[in-house]
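Got chain L; can you put chain W on it based on the hints?
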Amino acid sequence: EAGVAQSPRYKIIEKRQSVAFWCNPISGHATLYWYQQILGQGPKLLIQFQNNGVVDDSQLPKDRFSAERLKGVDSTLKIQPAKLEDSAVYLCASSLARKWDEQYFGPGTRLTVT
Amino acid sequence: GDSVTQMEGPVTLSEEAFLTINCTYTATGYPSLFWYVQYPGEGLQLLLKATKADDKGSNKGFEATYRKETTSFHLEKGSVQVSDSAVYFCAALNDYKLSFGAGTTVTVRA
Chain L
1 EAGVAQSPRY KIIEKRQSVA FWCNPISGHA TLYWYQQILG QGPKLLIQFQ
51 NNGVVDDSQL PKDRFSAERL KGVDSTLKIQ PAKLEDSAVY LCASSLARKW
101 DEQYFGPGTR LTVT
Chain W
1001 GDSVTQMEGP VTLSEEAFLT INCTYTATGY PSLFWYVQYP GEGLQLLLKA
1051 TKADDKGSNK GFEATYRKET TSFHLEKGSV QVSDSAVYFC AALNDYKLSF
1101 GAGTTVTVRA
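As you go down the protein sequences, you meet chains L and W in turn. Using the numbering used here, the first residue of the first sequence is number 1, and each one after it goes up by one. Using the numbering used here, the first residue of the second sequence is number 1001, and each one after it goes up by one.
Extracted from the complex, chain L is given alone in its bound form (with noise of 0.2 angstroms):
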């Protein structure tokens, strides 16, 4: 069975300019999360799918970041402009509907902002 795969593994703007991260999850399960994981300190989620629906982006900077997943499967998230404050990893997760116990976390994508 495929893992969660996400792309790009690294990626390095300057700030103000703009990045967006791709994930797709493994095949069948509705749930979607992104978390960012600031150096030092352990992952927080950013928003929350359930198929193509927001269950939960209350820690979702929405004055510069955003996030969609359209038709329920691979989902985006942009940050538009980027600070330096950003620079973290950027995981994505999934899991079977409701299953918030069994999360499966890609290999993240590296941001750097300089």
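It is worth saying that the hints were derived from the structure and are not from the lab. Watch out, some of these pointers could steer you wrong.
Examples of chain W residues lying across from chain L (beta carbon under 8 angstroms, computed) [stated by the list, open to error]: (1) Y1039; (2) E1042; (3) L1093; (4) L1098; (5) F1100; (6) G1101; (7) A1102.
Note that CB positions come from ideal geometry on N, CA and C, so glycine has one too.
Coordinates of chain W only, in the frame set by chain L:
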């Protein structure tokens, strides 16, 4: 909101040593508790979990017991190997949201 506090690292051990990583949580109600592990260059993987008080989760020689009285979920392994070198995260699940601790880096030397 919920929060998880775990022992600061890094922790360096010799092979076959005993490992313990402390974890405590603050939550409303009784969350499910987890330990995740992140090996170098890999994504987070679930190591073990416990869903109610006094439950013991175990996997790959690691154990942790859900202690409601002390709101703790300490991770232990009796004899570590070099391959156990990784970052370990404690987490609590309340409703649908996972809250993670800051992670503890463990290095095991041969």
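Verification of the supplied hints:
1. Y1039: With a closest approach of 11 angstroms, the Y1039 (chain W) hint is violated.
2. E1042: holds (7 angstroms)
3. L1093: holds (6 angstroms)
4. L1098: holds (7 angstroms)
5. F1100: Cβ of F1100 (chain W) sits 3 angstroms from chain L, so the hint holds.
6. G1101: holds (5 angstroms)
7. A1102: Given a least distance of 5 angstroms, the restraint on A1102 (chain W) holds.
Checked against the numbered hints given earlier, the structure breaks only hint 1 and satisfies all the rest.
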